[in-house]
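**Student:** Single-letter residue listing:
Protein chains: 2
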Amino acid sequence: MRNLVALAALLLTSCNAPKDPLPSWNETHAKQAILAFVKNAVAQFPPAERVAVFDNDGTLWVEQPLYVQLLFAASEMKALAPQHPEWRANPNFAKIIDGPPDAILALAPADQFAAGFAVHAGRTVEEYSAAASRWLAANEHPRFKKPYTQLAYQPMLELIAHLRENGFQVYSVTGAEIGFVRVANEQAFGIPRQHVIATLLKSKFESAQLQAQPDVLLIDDGDGKPSSIQNVIGRRPILAIGNSDGDLPMLQYTANGPGPRFTAIVHHDDPEREFAYDRASPVGHLDKALDAAIASAWPVLSMKNDWRRVFPNSPQ
Amino acid sequence: MRNLVALAALLLTSCNAPKDPLPSWNETHAKQAILAFVKNAVAQFPPAERVAVFDNDGTLWVEQPLYVQLLFAASEMKALAPQHPEWRANPNFAKIIDGPPDAILALAPADQFAAGFAVHAGRTVEEYSAAASRWLAANEHPRFKKPYTQLAYQPMLELIAHLRENGFQVYSVTGAEIGFVRVANEQAFGIPRQHVIATLLKSKFESAQLQAQPDVLLIDDGDGKPSSIQNVIGRRPILAIGNSDGDLPMLQYTANGPGPRFTAIVHHDDPEREFAYDRASPVGHLDKALDAAIASAWPVLSMKNDWRRVFPNSPQ
Numbered sequence: 000m001r002n003l004v005a006l007a008a009l010l011l012t013s014c015n016a017p018k019d020p021l022p023s024w025n026e027t028h029a030k031q032a033i034l035a036f037v038k039n040a041v042a043q044f045p046p047a048e049r050v051a052v053f054d055n056d057g058t059l060w061v062e063q064p065l066y067v068q069l070l071f072a073a074s075e076m077k078a079l080a081p082q083h084p085e086w087r088a089n090p091n092f093a094k095i096i097d098g099p100p101d102a103i104l105a106l107a108p109a110d111q112f113a114a115g116f117a118v119h120a121g122r123t124v125e126e127y128s129a130a131a132s133r134w135l136a137a138n139e140h141p142r143f144k145k146p147y148t149q150l151a152y153q154p155m156l157e158l159i160a161h162l163r164e165n166g167f168q169v170y171s172v173t174g175a176e177i178g179f180v181r182v183a184n185e186q187a188f189g190i191p192r193q194h195v196i197a198t199l200l201k202s203k204f205e206s207a208q209l210q211a212q213p214d215v216l217l218i219d220d221g222d223g224k225p226s227s228i229q230n231v232i233g234r235r236p237i238l239a240i241g242n243s244d245g246d247l248p249m250l251q252y253t254a255n256g257p258g259p260r261f262t263a264i265v266h267h268d269d270p271e272r273e274f275a276y277d278r279a280s281p282v283g284h285l286d287k288a289l290d291a292a293i294a295s296a297w298p299v300l301s302m303k304n305d306w307r308r309v310f311p312n313s314p315q
Numbered sequence: 000m001r002n003l004v005a006l007a008a009l010l011l012t013s014c015n016a017p018k019d020p021l022p023s024w025n026e027t028h029a030k031q032a033i034l035a036f037v038k039n040a041v042a043q044f045p046p047a048e049r050v051a052v053f054d055n056d057g058t059l060w061v062e063q064p065l066y067v068q069l070l071f072a073a074s075e076m077k078a079l080a081p082q083h084p085e086w087r088a089n090p091n092f093a094k095i096i097d098g099p100p101d102a103i104l105a106l107a108p109a110d111q112f113a114a115g116f117a118v119h120a121g122r123t124v125e126e127y128s129a130a131a132s133r134w135l136a137a138n139e140h141p142r143f144k145k146p147y148t149q150l151a152y153q154p155m156l157e158l159i160a161h162l163r164e165n166g167f168q169v170y171s172v173t174g175a176e177i178g179f180v181r182v183a184n185e186q187a188f189g190i191p192r193q194h195v196i197a198t199l200l201k202s203k204f205e206s207a208q209l210q211a212q213p214d215v216l217l218i219d220d221g222d223g224k225p226s227s228i229q230n231v232i233g234r235r236p237i238l239a240i241g242n243s244d245g246d247l248p249m250l251q252y253t254a255n256g257p258g259p260r261f262t263a264i265v266h267h268d269d270p271e272r273e274f275a276y277d278r279a280s281p282v283g284h285l286d287k288a289l290d291a292a293i294a295s296a297w298p299v300l301s302m303k304n305d306w307r308r309v310f311p312n313s314p315q
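Protein sequence lines, in the order shown, are assigned to chains A and B. Oh and the first sequence: position 65 is 64 in numbering that gives the first Met the number 0, straight run, nothing missing. Oh and the second sequence: position 13 is 12 in numbering that gives the first Met the number 0, straight run, nothing missing.
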């Protein structure tokens with residue numbers, strides 16, 4: 000009988016204990032700061048003003064050895080080259096077509112992106128999305144040997160869920176091209192298409208179909224991020240998280256509004272469980288934004304110290 | 000006792016009778032077609048695919064004698080002219096500044112829009128929105144003597160509510176400039192900012208503030224409407240309603256998808272309660288889209304015959 004009473008007391012206690020919304024975060028200052036901010040934001044802002052924005056590559060999922068959209072582009076360019084003999088006239092495209100699978104890594108960023116835009120050629124936006132979906136299902140990360148869509152960061156998935164439970168609208172804001180990243184966002188982070196803000200191409204409307212053209216409309220990186228956020232949401236976010244210099248204007252734009260704000264940088268300092276890189280890396284280059292975070296006392300989220308687990312189902 | 004039974008029966012009947020979701024629509028074919036489509040769409044599409052798009056001017060609210068955003072622009076240009084002596088160097092701007100309040104009506108469309116873009120000068124996006132809000136509160140329609148935000152079409156407000164009750168996401172898609180129409184949409188139609196798709200200007204990010212520039216990024220009219228819809232929503236709508244030739248590509252894009260579709264034109268044929276205009280009008284020019292609607296058997300919504308009431312609280 001005494002045991003039964005003790006058991007009942009135990010069950011009651013565990014029922015009453017609030018469920019930890021962020022179990023993959025260690026009990027560090029970062030976690031406490033996030034939870035305090037969300038509570039504060041709910042008290043001070045109506046739901047319409049609870050807008051949260053997250054960078055994608057390196058903030059919500061792995062970006063090393065190269066941005067996933069560019070790996071997709073290189074793969075598509077090799078596969079579609081026979082239908083596009085004109086591509087070989089571009090020496091950079093020829094390197095991708097005839098080189099090893101990682102040849103795109105050696106190109107300058109502008110040439111990498113040009114390849115990413117070229118592979119829309121001759122396909123409707125729906126056909127391009129279907130190709131992105133097929134590629135994501137068929138390919139895996141060279142080191143982690145898992146599909147990229149399973150390499151979202153578990154602590155961020157928990158944070159997104161916690162924000163939504165508290166009435167936030169969660170948007171992803173990425174420099175990658177929108178047709179690809181919409182598919183990836185839906186599958187990897189559960190973020191619906193209309194909440195994905197990304198680099199836009201001009202498009203052509205013909206015979207009641209849309210085709211993206213290899214002409215950029217708006218690069219959603221650097222100063223383009225606040226502009227794109229305004230174009231799509233029309234509101235200054237109150238929470239923003241990024242991990243590279245391209246995110247700095249978005250963080251400044253967010254931090255500069257009235258009332259409580261949360262702006263943070265993900266710092267890749269965990270070579271054992273993921274990667275370690277910052278000021279010297281061309282991919283996910285983090286230099287000025289790190290200085291700004293330190294100067295402004297924005298939390299710098301240490302992957303190594305603040306995250307108990309990195310990927311869904313990965314060992315702690 | 001017999002009376003009590005009869006009363007109870009009557010109450011039961013009225014409780015069981017489904018509430019008419021579109022009381023300001025006459026019992027015509029148009030109303031039946033809308034109700035049948037919504038029922039069908041709910042059965043065939045998951046909520047994420049229930050996307051409805053509405054043009055603004057002439058579809059959701061009055062566009063005669065001139066698009067409301069341009070009336071706002073002309074008013075702002077007159078008011079702000081002392082701070083912008085450079086404006087007088089543009090002969091069209093000078094006509095607006097020195098002419099009667101309706102001088103902007105006489106300009107060519109491109110010059111009307113240029114004035115609309117110019118009045119962002121030197122103001123952050125937040126300051127511009129606040130100015131739009133003040134103007135909408137202070138000005139009324141020359142004929143109806145009511146604020147413009149009270150001149151939404153009541154049948155359309157009911158249709159928007161009915162679509163939302165059935166899990167649709169409702170977007171407005173307008174050629175007017177986004178900073179102004181976001182404010183108008185929120186107040187007049189209850190459509191939140193992130194569901195407003197409109198003409199975009201380039202913007203400048205400086206000192207953590209955004210300012211729109213008088214350079215167009217994307218005109219959300221004609222072929223620009225399907226492109227803008229793809230940029231913001233990433234999905235082909237299943238319902239689209241417009242009222243002028245600038246809406247035709249949006250209607251074709253919508254009509255051309257798989258499964259049930261609803262595309263319609265609002266026809267202004269009611270000079271007594273509103274206005275009558277189509278092929279000859281420069282404002283809300285409806286010619287090719289009317290031919291297309293007839294050829295494709297899209298409903299042409301007659302304001303005179305299909306709408307029992309035009310404005311909220313107006314006599315029937």
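If you are wondering where the hints come from, they were derived from the structure by calculation, not from laboratory data. Wrong hints could be hidden among the right ones.
No copy is singled out in the list; a pair is fine if it fits within one copy or between any two copies.
Lysine to aspartate or glutamate pairs mimicking EDC-like chemistry, simulated, CA-CA at most 20 Å apart [claimed, not checked]:
| # | residue 1 | residue 2 |
| --- | --- | --- |
| 1 | K145 | E26 |
| 2 | K145 | D110 |
| 3 | K94 | D110 |
| 4 | K287 | E48 |
| 5 | K203 | D244 |
**Student:** How would you label the pair K94, D110 (within, between, both, or neither) given a Cα cut-off of 20 Å?
**Tutor:** within (11 Å within a copy, 48 Å between copies)
**Student:** With identical chains, the pair K287 and E48 could be close in the same copy or across copies; at 20 Å between alpha carbons, which is it: within, between, both, or neither?
**Tutor:** neither (28 Å within a copy, 41 Å between copies)
**Student:** Checking an output row: K145 and E26, CA cutoff 20 Å. Within, between, both or neither?
**Tutor:** Intra 28 Å, inter 58 Å, cutoff 20 Å: neither.
**Student:** State whether the alpha carbon distance between K203 and D244 is at most 20 Å within one copy, between copies, both, or neither.
**Tutor:** This pair counts as between: shortest inter-copy Cα distance 18 Å, intra-copy 32 Å.
**Student:** Between the shortest in-copy and the shortest cross-copy C-alpha distance, which are at most 20 Å for K145 and D110: within, between, both, or neither?
**Tutor:** Neither: 28 Å inside a chain and 56 Å across chains, both beyond 20 Å.
Hint check: violations occur at hints 1, 2 and 4; the rest are consistent with the structure.
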